[in-house]
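Q: Single-letter residue listing:
Protein chains: 2
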Amino acid sequence: MSDPIKYVLDETRIPKAWYNIVADLPTPPPPVLHPGTLQPIGPGDLAPLFPMSLILQEVSAEREIEIPTPVRDIYRQWRPSPLFRARRFEQALDTPAKIYFKYEGVSPAGSHKPNSSIAQAFYNKEAGVKRLTTETGAGQWGSSLALAGSFFGLEVDIFMVRVSYNQKPYRRALMETYGARCVASPSNETASGRAILAQRPDHPGSLGIAISEAVEVAAQRDDTKYALGSVLNHVLLHQTVIGLEAIEQFDMAGDYPDVILGCAGGGSNFAGIAFPFLGKSLRGGPKPRIVAVEPAACPSITRGKYAYDFGDTAHLTPLTKMHTLGSTFTPPGFHAGGLRYHGMARLVSHCAELGLIEGLAVPQLACFEAGVQFARSEGIVPAPESNHAVCAVIQEALRCKAEGKAETILFSLSGHGHFDMQAYTDYFAGQLVDQSYDESELAMALAGLPSVS
Amino acid sequence: MSDPIKYVLDETRIPKAWYNIVADLPTPPPPVLHPGTLQPIGPGDLAPLFPMSLILQEVSAEREIEIPTPVRDIYRQWRPSPLFRARRFEQALDTPAKIYFKYEGVSPAGSHKPNSSIAQAFYNKEAGVKRLTTETGAGQWGSSLALAGSFFGLEVDIFMVRVSYNQKPYRRALMETYGARCVASPSNETASGRAILAQRPDHPGSLGIAISEAVEVAAQRDDTKYALGSVLNHVLLHQTVIGLEAIEQFDMAGDYPDVILGCAGGGSNFAGIAFPFLGKSLRGGPKPRIVAVEPAACPSITRGKYAYDFGDTAHLTPLTKMHTLGSTFTPPGFHAGGLRYHGMARLVSHCAELGLIEGLAVPQLACFEAGVQFARSEGIVPAPESNHAVCAVIQEALRCKAEGKAETILFSLSGHGHFDMQAYTDYFAGQLVDQSYDESELAMALAGLPSVS
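Residue numbers (the numbering used here), protein chains in the order written: chain X, 35 to 487; chain S, 35 to 487.
Since the hints were made in silico from the structure, they are not lab data.
Fair warning: this is a prediction, and the values are worked out from it, not measured in the lab.
Don't take each hint at face value.
It does not matter which identical chain is meant; a pair holds if it fits inside one copy or across any two.
[Stated by the list, open to error] For lysine-lysine, the following DSBU-like pairs were computed, each having C-alpha atoms within a straight-line distance of at most 30 Å:
no.	residue 1	residue 2
1	K314	K339
2	K132	K159
3	K339	K321
4	K40	K159
5	K355	K339
6	K50	K40
7	K355	K439
8	K355	K435
9	K40	K439
10	K321	K435
11	K314	K132
12	K50	K314
13	K439	K164
14	K339	K435
Excised from the complex, chain X in its bound form:
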């Protein structure tokens, strides 16, 4: 046989601790503020929404946080996930670059999201919680929390952004197969949903709105907590198993990345692959370029403002300093529903401000073209979100070719597109376009940012 194409670690090498980048940052990120007092929030402020163990992770500055055994036991079903060398894709691109991808589509729900959903369900169960509410865009997070709920015996209620609810019936079916309840958002089940529908009955929804609805429901019942699929420190923390494993797999391969790429919506997949490498870099190790790839139609890092803003549309959440398009901004209904979020994770935004990472925005059609080329080379059909990374990888590989450089490129293939095939059908039928947001709506949303500095 030829050289390895797959770097596999045995299950004893699943990381024993998550990695917290806060411990290695040159400056701490700006504090999260209470929306009423504008003072930094304390753990107690978050207690209605999250169990204390997750709140402590949210505010922790410890470098390593132990992964509980029951969580690792479930991780063992699909972790360590494989690191692949994409040789056929390299050949198709005729590039001297070496392209590796860490494949998170091997989880039962088909994406990286269970890395956090399993952990969140575990801590909630431990705290005596009976029911979780959440939002979902494309449905990757919703189905992952549904999966975790079925493993831990928790009820799960999911507010799914309406445009995705309609685009992705199979994703909904998956959540229901796992026993969760899935509602199109904005819905009539919450005051925030009803307020939006009153203004615009055909509202396509957004992650910001779905978050408002899920938070509102969770805050009303003692036995119910809220679970967020990205953005928050503890979610990014859970995802670092991706990069931690990849570092060990690069040891096996005797190689190290020059460039690391991940698609970024709320930032958890991106941080998952990038932060462990960035941490090594901050501690004096090699310094790869690190690129967060976002949709041109919802470009929070490349076009947003670094400012305090709400995480949701109804302004029920604390204020976070982040790259934001404004919490009232509604992105167009493009197919990468997991990237339709107005803001970016506080930690990712802070790293961008510090110049530790770059942002890159790519348009929808080029992403699908990239995804099809990748599928025909490697056999794996990427999720529309992941196609953003693939698209950027092609740019990097062609740059390497033009410059005659054999750089090592690593990207996170965050999930497969099995539940998103309608998007591919639409793409082949010529029905997809490069949607753009309304510039005046963006300007208005940015003008409406809270005046906090």
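Since the structure of chain X is already known, use the hints to place chain S on it.
A: Leaving out everything else, chain S in the frame of chain X:
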């Protein structure tokens, strides 16, 4: 951590040879007959449809047939596939039985089918073939051949059974993403398709009809060959990597199956898991019970006749002695499209006649109920075909409970149901029923069997 739940072999342990059960059978299966002369066919008779290397495998009695390096190189992407111990499922069933499953859904196309499609594409490419035609039921085979075509640069034309074509648009999209062309069968592209449509314009199609169409097209062009996804000896041969790996994985586990189950349509998944164990048994090893699980609505082993019959509806194929419902029998349009075939593989049928294996028929609704229970326990949503095995496993596990026996049960989870979620949606909506075939149609189809003995 607790005991292992996943038995993983490294890629050096992908089998180096496929296993041919013919070498170990106490009597050889009855010969395949030429439909004109009724004499045993020779390799030359099959040459219009298959490359000589596959024909030689079809007629081989060698115990081991070497797997070419380029095929193993592609297998390495997902093989060895994992063997899982389904501990949460055992707990949910409250059974003393130990339940293991070999998971073939890890292939890029999501089922066991690429084990053969990759091999078939390799040999065809080597023989200078430019285009392959094939049939597909649920689309698992079609998408797997499309995948193989994209890897080897072959055009692929797929006749997809119309009822599945309509039920499973995502499967179609997958084939197109891999660059194949997919046509609903019966179609107007062939004489056999047109003849069927003339009689019944809304004909739901069947695997037998789709085979006729694919064979007809392949026979017309020199640069085009035909590829079959099950039934034939060489297809079953390629699938034996499943059982060969499982034997090594049971060595790791320090265990051995008492019962082995697989769903059976044409028989390739079933033979893939069963034959290597059966071979050991025939050579004096332990003797597990081996059960082929089929749909109650298309029960070739349990209700069919063991007789010579055609493999297709238009009678373009040779005659094979097998368990058959009659080549003119059209099964009802239930959701496990991969099991809607009137016949059973010649080798599987022969083993059933010899009493080496059992048949078991299970109804559709119990299968979906089983699949949902499995998904909620293990996180993996099985394909509707695989649900037949899960349903039978539950019966076995409950028998073990009733008898107080801690038997070891192994089944092949042939594929995931990501492209079949509409079936789950229909199941939850109460829209599925236990379809049955028309007894008089079956009687007529059996009465019409060729009078050859």
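Q: State for each hint whether it applies.
A: Hint-by-hint comparison with the structure:
In this homomeric assembly, K314 and K339 come within 30 Å of each other (Cα to Cα) only inside a single copy, at 28 Å, whereas the closest approach across copies is 68 Å. For a Cα distance limit of 30 Å, the shortest separation of K132 from K159 across copies, 27 Å, qualifies, whereas the shortest one inside one copy, 43 Å, does not. In this assembly of identical chains, the alpha carbons of K339 and K321 lie at most 30 Å apart only when taken from the same copy (27 Å versus 69 Å across copies). Proximity of K40 to K159 under the C-alpha cut-off of 30 Å is restricted to the inter-copy arrangement: shortest distance 25 Å between copies versus 36 Å within a copy.
Taking the shortest Cα distances, K355 and K339 sit within 30 Å of each other inside one copy (10 Å), while across copies they are farther apart (73 Å). In this assembly of identical chains, K50 and K40 lie within 30 Å of each other by CA distance both inside one copy and across copies; the values are 22 Å within and 18 Å between. In this assembly of identical chains, the alpha carbons of K355 and K439 never lie at most 30 Å apart, being 38 Å within a copy and 61 Å across copies at closest. When the C-alpha separation of K355 and K435 is checked against a cutoff of 30 Å, the pair qualifies neither within a copy, at 39 Å, nor between copies, at 58 Å.
Taking CA atoms no more than 30 Å apart as the test, K40 paired with K439 passes inside one copy only; the shortest distance there is 23 Å, against 40 Å between copies. Proximity of K321 and K435 under a CA criterion of 30 Å is satisfied intra-copy only: 21 Å inside one chain copy versus 58 Å between copies. In this homomeric assembly, K314 and K132 come within 30 Å of each other (Cα to Cα) only inside a single copy, at 21 Å, whereas the closest approach across copies is 44 Å. For the homomeric pair K50 and K314, the shortest alpha-carbon distance inside one copy (17 Å) is at most 30 Å, but the shortest distance between copies (41 Å) is not.
Proximity of K439 to K164 under the C-alpha cut-off of 30 Å is found in neither arrangement, the shortest distances being 54 Å within a copy and 35 Å between copies. Taking the closest pair of Cα atoms, K339 and K435 never come within 30 Å of each other, the shortest separation being 34 Å inside a single copy and 63 Å across copies.
Comparing the model with each numbered hint stated earlier shows that hints 7, 8, 13 and 14 do not hold.
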